[in-house]
Amino acid sequence: VAMGITGTEVSKDAAAMILADDNFATIIKAVLNGRNVYRNIINAIQFLLSGNLAAIIAVLYCSVMALDSPFAPVHLLFINLLTDSLPALAIGMEPTDKTLLKNKPRDPKEGILTKNFTVKLAFFGILISAATMVAYYTGLKVDAMTASTMAFATLTLARLFHGFTCRSERSIVEIGIASNKWSIGAFVAGVVLLAFVLFVPFMHSLFEVTVLTGKQILTIAGLAFAPTFIIQLVRAIKK
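Position 219 of the sequence shown, counted from 1, bears residue number 221 in this note's numbering, the numbering being contiguous throughout.
Hints may be right or wrong, so weigh each one.
As the list claims (entries may be wrong) - No more than 30 Å apart at the CA atoms, straight line, and that leaves these computed lysine-lysine pairs for DSS-like:
1) K117 with K100
2) K240 with K122
3) K240 with K106
4) K31 with K143
5) K217 with K143
6) K100 with K111
7) K183 with K106
8) K217 with K104
9) K100 with K183
10) K104 with K31
None of these hints come from the bench; they were simulated from the model.
Using the sequences provided together with the hints, build the complete structure.
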């Protein structure tokens with residue numbers, strides 16, 4: 003380590019790191035910022051992959067069970083282009099968490115798809131897809147269009163809730179739900195977009211959805227929140 007102000011040119015050339023302000027405390031800040039950036043990238047990837055895995059599982063299940071597809075192509079476009087991108091960007095804006103300094107140094111050769119990452123990915127995806135399929139079967143008691151609408155709305159809302167889960171390894175209670183205002187804004191914007199599709203009549207034909215009853219809306223909200231509740235409960239128990 004060389005000093006950027008008082009250090010000699012020889013020491014700077016030989017050093018692996020140069021402190022521009024000659025302050026060793028800068029190293030701590032640099033390590034913390036680096037770990038925070040890496041964590042946010044991993045969490046954003048985890049959010050996107052787990053949500054897409056849930057959709058894939060739901061579609062595959064319906065194919066195996068000889069059921070109609072739970073989603074129209076426009077549903078998946080809506081989720082991936084609008085409601086998914088906002089929470090992912092918000093996760094990237096997650097504030098620095100000083101507890102990251104307590105973590106052991108990461109192996110620079112370690113890939114993203116570690117065993118721990120993959121297990122959590124599968125767990126999240128299965129939970130969200132299960133909630134989606136319960137909604138689908140509930141709607142199927144009425145007709146196929148209602149089933150598709152409920153599955154679409156549940157998956158969309160579940161992934162919006164899931165954005166809070168993927169902010170950190172810690173529970174939402176620990177980090178504080180209001181500590182990242184971007185995350186709250188992304189959730190509200192996503193809910194507004196979903197409500198626009200579900201409740202504005204001229205959007206129904208465009209997005210291939212149908213009118214839902216109040217009871218069905220409450221069912222969707224409960225099922226969509228269930229995966230996040232279960233994950234947060236598991237984290238609280240493991241703490």
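Going through the hints against the structure:
1. K117 with K100: 25 Å, holds
2. K240 with K122: 14 Å, holds
3. K240 with K106: 19 Å, holds
4. K31 with K143: 57 Å, violated
5. K217 with K143: The given pair, whose Cα atoms are some 14 Å apart, holds under the 30 Å limit.
6. K100 with K111: 24 Å, holds
7. K183 with K106: 29 Å, holds
8. K217 with K104: 47 Å, violated
9. K100 with K183: Holds: K100 and K183 sit about 19 Å apart, inside 30 Å.
10. K104 with K31: 13 Å, holds
Of the numbered hints listed earlier, those contradicted by the structure are 4 and 8.
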